[in-house]
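Asker: If you read the protein sequences in the order shown, they are chains C and X. First residue of the first sequence: 1, per my numbering; consecutive thereafter. First residue of the second sequence: 1001, per my numbering; consecutive thereafter.
Be aware that one or more of the hints could be misleading.
Chain X stretches covered by chain C per the calculated footprint, using a threshold of three residues with CB under 8 Å from any CB of chain C [unchecked claim]:
no., segment
1, 1022 to 1031
2, 1108 to 1116
3, 1165 to 1171
Listed below are the simulated SDA-like cross-link pairs for lysine to any residue, each with C-alpha atoms no more than 25 Å apart in a straight line [as the list claims (entries may be wrong)]:
no., chain 1, residue 1, chain 2, residue 2
4, C, K75, X, S1026
5, X, K1085, C, F233
6, C, K112, X, L1177
7, X, K1112, C, S6
8, X, K1112, C, S92
9, C, K55, X, E1054
10, X, K1112, C, K112
11, X, K1055, X, S1014
12, X, K1085, C, S14
13, C, K296, X, E1054
14, X, K1055, C, E32
15, X, K1112, C, K296
16, X, K1075, C, K75
17, C, K112, X, V1057
18, C, K112, X, S1026
19, X, K1075, C, S92
20, X, K1112, C, K75
In short, the hints are calculated from the structure, not lab data. For each residue, glycine too, the CB sits at the ideal point set by N, CA and C.
Number of protein chains: 2
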Amino acid sequence: MAVYTSISDEDLASFLADYDIGDPLSFSGIAEGVENSNFMVRTTTGTYILTLYEKRVNPDDLPFFLNLMNHLAGKGLSCPRPVPKKSGETLSSLNGRPAAVVTFLDGIWHRKIMPVHCRALGTEMARMHQMGADFEMVRENSLSVRSWRPLLESCGPQADNVKPGLYGFLDEEIGFLEENWPTDLPRGVVHADLFQDNVFFLGDELSGFIDFYFACTDMLAYDLAICLNAWCFESDGSFNITKARLMITAYEEVRDLSDAELSALPVLARGAATRFLLTRLYDWLNHPEGAFVKPKDPMEYHRKLSFHQSVSSSAGYGI
Amino acid sequence: MAVYTSISDEDLASFLADYDIGDPLSFSGIAEGVENSNFMVRTTTGTYILTLYEKRVNPDDLPFFLNLMNHLAGKGLSCPRPVPKKSGETLSSLNGRPAAVVTFLDGIWHRKIMPVHCRALGTEMARMHQMGADFEMVRENSLSVRSWRPLLESCGPQADNVKPGLYGFLDEEIGFLEENWPTDLPRGVVHADLFQDNVFFLGDELSGFIDFYFACTDMLAYDLAICLNAWCFESDGSFNITKARLMITAYEEVRDLSDAELSALPVLARGAATRFLLTRLYDWLNHPEGAFVKPKDPMEYHRKLSFHQSVSSSAGYGI
């Protein structure tokens, strides 16, 4: 939940005057989302999302994100499409912050994941990877393997207050990942944050992806590894191999996974689990007392990581 | 900002199945509002607001609020209209809380108030008072004069930490109001919370009132007194007599104010300022440390109250 910035009607009117999207009919802050401030704007021409980029987004990355959404939408992926200003630019500013208007995407995210959703996700993720193949901009993944040790160090021995021995556990895991992280797998544009709340459905039909603000250039199979973590565990912590198999096979119907990619799935899944365990741990240790946004439980990813440590080949994911 | 309750897609689907409003296309929490949790629901038939009533609303009062909105909308006031379930009821429940669906109202609230807005507000408030004349339900104003001393006592001597002498100042003011509070003015349905964020405009045209959850049966002129406080002071604290005159004269073009009502305006305005000073003071002293919702500055209403104390007749409001 994040609307850090309040916008006056005068500022909104002068902001919208730069666009060719009609007159505003309604305007309200959206409670979901923690990184940026999002507002739903209904105008005489349709519904849009106005996003103000808050501190955690590097403004230098915005052209990558906006051009990527535009590229993918242009290829037929269902995702928010940046709306250009009359001047042609998609990046704007409001209240002293970078801002953009994107088209509104119908759909609702599923709290309860069914196997059919995992299948749809696999298909659409593979389509996205294919559509990104000729996207020319590059953005390194700033939350990949090289960032994990510094992240752990910034958490420090306090990590053990969350779970005794957690610091050592992560120190050892990061050592393993640094030695075994793949370097020669097919790379391209990855979303890198395809959690449930970023994947919209209408009924059981996938209606689109949102929130491309972690997208970057990385190994394509890493997106799949993130989704194995985010979509294939049940609430009791058990791994649902049916969901994993459906996701991966649906992906492969669109884009072949090489033997090297399949073999790398366990280590990529360990890396993805480590990445989310570390960022959640950091947020857990650093959130202000009494803050409204309750940080997510890092230990969920400790359990997932332990599972992936026990997987020795892609057979562990049903393949 | 208030979305205290998270709703799963399954719960939403089964909730909406009781209504005849089509299939959901999108669903998002609305950041504005502090009393209840509001969600915007777009369906195949239109846009709606789903409200979950949180702790501060007494469930026994909900039939009054919902029936009142229905009554006023039926008479032609632009306000959210409760959508009945297939069973005919407007009150429902979701996640163990009382809930209702109302129609969505286009419009944006003005942060910067122009005289033309005060004129439109006067007209529409008077229309609302007339339309409420044959509404049969009654709800006492639980935040009127009898509540003020208990409210002050629950703030206690800590009031002086906000401003030295504040407790004694309010003690004396409440004594004055208890002795001089009018008892024989025309009564009826009042909104009792017509602050800027509850009055929507499209351009300079008033497009409707929202948030009837303080509405009650009280002196009609008390609504006007609340709006003198909420709409007619500039940000530097000065009273804008032009705005007040426009609001009152526009009101009178629709509904006559008796001499008794006009004479009572200064004491009603003092009472209204005292009511908001007291509730803000209480929230200021009792908000949890580090809470996300920052309480509003009570001293704004101390300054407004001091102004009204200096007004001896309605001439002070431009009439």
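Asker: It remains to establish, for every hint, whether it holds in the given structure.
Answerer: Outcome of the hint check:
Under a criterion of three residues with beta carbons nearer than 8 Å to beta carbons of chain C, the stated coverage of the segment 1022 to 1031 of chain X is upheld, 9 such residues being counted. Residue count for the segment 1108 to 1116 of chain X with a Cβ under 8 Å from a Cβ of chain C: 5. That meets the three needed, and the coverage hint holds. Coverage of the segment 1165 to 1171 of chain X by chain C is violated. Counting CB-CB distances below 8 Å, 0 residues qualify, and the rule asks for three or more. For the proposed pair C/K75 and X/S1026, the alpha carbon gap of about 24 Å is at most 25 Å, so the pair holds.
In summary, the hint linking X/K1085 to C/F233 is not supported, as the alpha carbons are separated by about 37 Å, beyond the 25 Å threshold. With a C-alpha separation of about 56 Å, the suggested pairing of C/K112 with X/L1177 is violated against the 25 Å cut-off. For the proposed pair X/K1112 and C/S6, the alpha carbon gap of about 13 Å is at most 25 Å, so the pair holds. Between X/K1112 and C/S92, the direct Cα distance comes to roughly 23 Å. Compliance with the 25 Å bound is thereby established for this hinted pair.
Taking the CA atoms of C/K55 and X/E1054, the gap is about 32 Å. The hint is violated against a cut of 25 Å. Pair hint X/K1112 plus C/K112 does not hold up; C-alpha atoms about 44 Å apart against a cutoff of 25 Å. For the hint pairing X/K1055 with X/S1014, the CA-to-CA distance comes to about 23 Å; that is within 25 Å, so the pair holds. A C-alpha spacing of about 41 Å is found between X/K1085 and C/S14, which places the hinted pair above 25 Å, so the restraint is violated.
Straight-line distance between C-alpha atoms of C/K296 and X/E1054 comes to about 24 Å, which keeps the hinted pair within the 25 Å bound. Between X/K1055 and C/E32, the direct Cα distance comes to roughly 21 Å. Compliance with the 25 Å bound is thereby established for this hinted pair. Between X/K1112 and C/K296, the direct Cα distance comes to roughly 38 Å. Violation of the 25 Å bound is thereby established for this hinted pair. Restraint check for X/K1075 and C/K75: the C-alpha separation of about 50 Å exceeds 25 Å, so the hint is violated.
Taking the CA atoms of C/K112 and X/V1057, the gap is near 30 Å; set against the 25 Å cutoff, the hint is violated. Proximity of C/K112 to X/S1026 is assessed by CA-CA distance (about 16 Å); at most 25 Å being required, the pair is judged to hold. Under the criterion of a C-alpha separation no larger than 25 Å, the hint pairing X/K1075 with C/S92 is inconsistent with the structure, at around 44 Å. For the proposed pair X/K1112 and C/K75, the alpha carbon gap of about 43 Å is over 25 Å, so the pair is violated.
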